[in-house]
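In the order they appear, the protein sequences are chains E and F. Residues 1 to 200 in my numbering are what the first sequence spells out, letter by letter. Residues 1 to 200 in my numbering are what the second sequence spells out, letter by letter.
Derived by calculation from the structure, the hints in this document are not laboratory data. Bear in mind the structure is a predicted one, so any value in this text is a computation, not a measurement. From the three backbone atoms N, C-alpha and C, an ideal C-beta is built for every residue, glycine too. Treat each hint with caution, since some may be false.
What the hints assert, rightly or not - Taking CB as the label site, the calculated pair distances span:
(1) 127/F <-> 103/E: 30 to 40 Å
(2) 149/E <-> 74/F: 51 to 61 Å
(3) 189/E <-> 29/F: 45 to 55 Å
(4) 63/F <-> 127/E: 37 to 47 Å
(5) 189/E <-> 104/F: 49 to 59 Å
So the chains spell out like this:
Protein chains: 2
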Amino acid sequence: MKTILVPAGHGRAFRIGKGGRFRIITPKGQQSADFFAFCADDISEGLSPHHTWMPTRSLHPRPGDAFLSRKRRPMVDFIEDGADGVHDLIIAPCDPIRYEQFGVPGHRSCVGNLEEAMAALGHAVPQFPLAVNFFTTTTVEKGFMFSTPKTPVAKPGGYVLLEARMDLICAVSSCPYDLEGPGWAINAPGGPTEIVVELL
Amino acid sequence: MKTILVPAGHGRAFRIGKGGRFRIITPKGQQSADFFAFCADDISEGLSPHHTWMPTRSLHPRPGDAFLSRKRRPMVDFIEDGADGVHDLIIAPCDPIRYEQFGVPGHRSCVGNLEEAMAALGHAVPQFPLAVNFFTTTTVEKGFMFSTPKTPVAKPGGYVLLEARMDLICAVSSCPYDLEGPGWAINAPGGPTEIVVELL
Numbered sequence: 001m002k003t004i005l006v007p008a009g010h011g012r013a014f015r016i017g018k019g020g021r022f023r024i025i026t027p028k029g030q031q032s033a034d035f036f037a038f039c040a041d042d043i044s045e046g047l048s049p050h051h052t053w054m055p056t057r058s059l060h061p062r063p064g065d066a067f068l069s070r071k072r073r074p075m076v077d078f079i080e081d082g083a084d085g086v087h088d089l090i091i092a093p094c095d096p097i098r099y100e101q102f103g104v105p106g107h108r109s110c111v112g113n114l115e116e117a118m119a120a121l122g123h124a125v126p127q128f129p130l131a132v133n134f135f136t137t138t139t140v141e142k143g144f145m146f147s148t149p150k151t152p153v154a155k156p157g158g159y160v161l162l163e164a165r166m167d168l169i170c171a172v173s174s175c176p177y178d179l180e181g182p183g184w185a186i187n188a189p190g191g192p193t194e195i196v197v198e199l200l
Numbered sequence: 001m002k003t004i005l006v007p008a009g010h011g012r013a014f015r016i017g018k019g020g021r022f023r024i025i026t027p028k029g030q031q032s033a034d035f036f037a038f039c040a041d042d043i044s045e046g047l048s049p050h051h052t053w054m055p056t057r058s059l060h061p062r063p064g065d066a067f068l069s070r071k072r073r074p075m076v077d078f079i080e081d082g083a084d085g086v087h088d089l090i091i092a093p094c095d096p097i098r099y100e101q102f103g104v105p106g107h108r109s110c111v112g113n114l115e116e117a118m119a120a121l122g123h124a125v126p127q128f129p130l131a132v133n134f135f136t137t138t139t140v141e142k143g144f145m146f147s148t149p150k151t152p153v154a155k156p157g158g159y160v161l162l163e164a165r166m167d168l169i170c171a172v173s174s175c176p177y178d179l180e181g182p183g184w185a186i187n188a189p190g191g192p193t194e195i196v197v198e199l200l
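Chain E on its own, in the form it takes in the complex (with noise of 0.2 Å):
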């Protein structure tokens, strides 16, 4: 097994085959983990939460689920969930322009973590990448999204357990957003802390 430490509010890619297990945790909880992955075969062909859940009809992921490309390719399986269903696929993930317009220009994103993990890879980034994001808290009520403090939220040593369905590139953000918004709690009110990724 290797262990790949994500630091907090920082990202780490990896490479993994066909087959290949891992498991996502987040050690303290309450720590969104965003999820990217890539085929190795056509790195254009990413991860997307709206190809996703046409088929499950769900917008959070569940265990026998599989998560699709934008081709609609299953690129990952769910296989175990460790975290109480406390998972999210429609949030867009945080990038330097969302920093911007918070009044925070340079604040570190998850895009801007995916693009430093596939850069230590030699990758450069497809353009506008969507990810599955663990251990996140939304409940959509009457049309519309919430992530409040009473919602759920993923305990400490949650985890996923998944299963690569073909050869990937993939990666994970240890989401760095600590600002405060009205009814907006999207990771512990300490600040982001680490995430580990288990290669099985």
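Please build the complex by placing chain F on the supplied structure of chain E, with the hints as guidance.
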């Protein structure tokens, strides 16, 4: 005023300058209009449902909302809703791959319509476009998406009035979906009907 007829199950593209207003109409009602938009100065920057709903937190667009690009720039303002809120941002536009998976290869699709329409203006389509689905019924309950005959559908003559916030290349597809699926009533039971676009 210029009127564009989008034949049932087909698509049409048009250019519109900043400040231009246009109306999209379902004359017979309950006909999904997949609306695509691309920045005229960089066609790779398309409309993004994911980025659109981050500031509004609404999975259904409403008058007063702006549709954002993947760079979070306002592309189109939603001025007036003459279809009682029956609009969707969740559904990925149907494409040739989707119909292959349904067992009907070669079936017309919204992405195919987009490609035909853009080609008529001399443009290739950037990879994996996403759409706003006007006159499309979806409801999210307990995290699951539904589109049933029980949910409201767009009335005959239903329309949306929109305004371009930048120079745009737009396309509208009369969604060709006419398959039968349990609990899935995207278009009227009689099959796809025409959409009308009025450039005001």
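The hints, checked one at a time:
| no. | hint | result |
| --- | --- | --- |
| 1 | 127/F <-> 103/E: 30 to 40 Å | 32 Å, holds |
| 2 | 149/E <-> 74/F: 51 to 61 Å | 31 Å, violated |
| 3 | 189/E <-> 29/F: 45 to 55 Å | 49 Å, holds |
| 4 | 63/F <-> 127/E: 37 to 47 Å | 30 Å, violated |
| 5 | 189/E <-> 104/F: 49 to 59 Å | 51 Å, holds |
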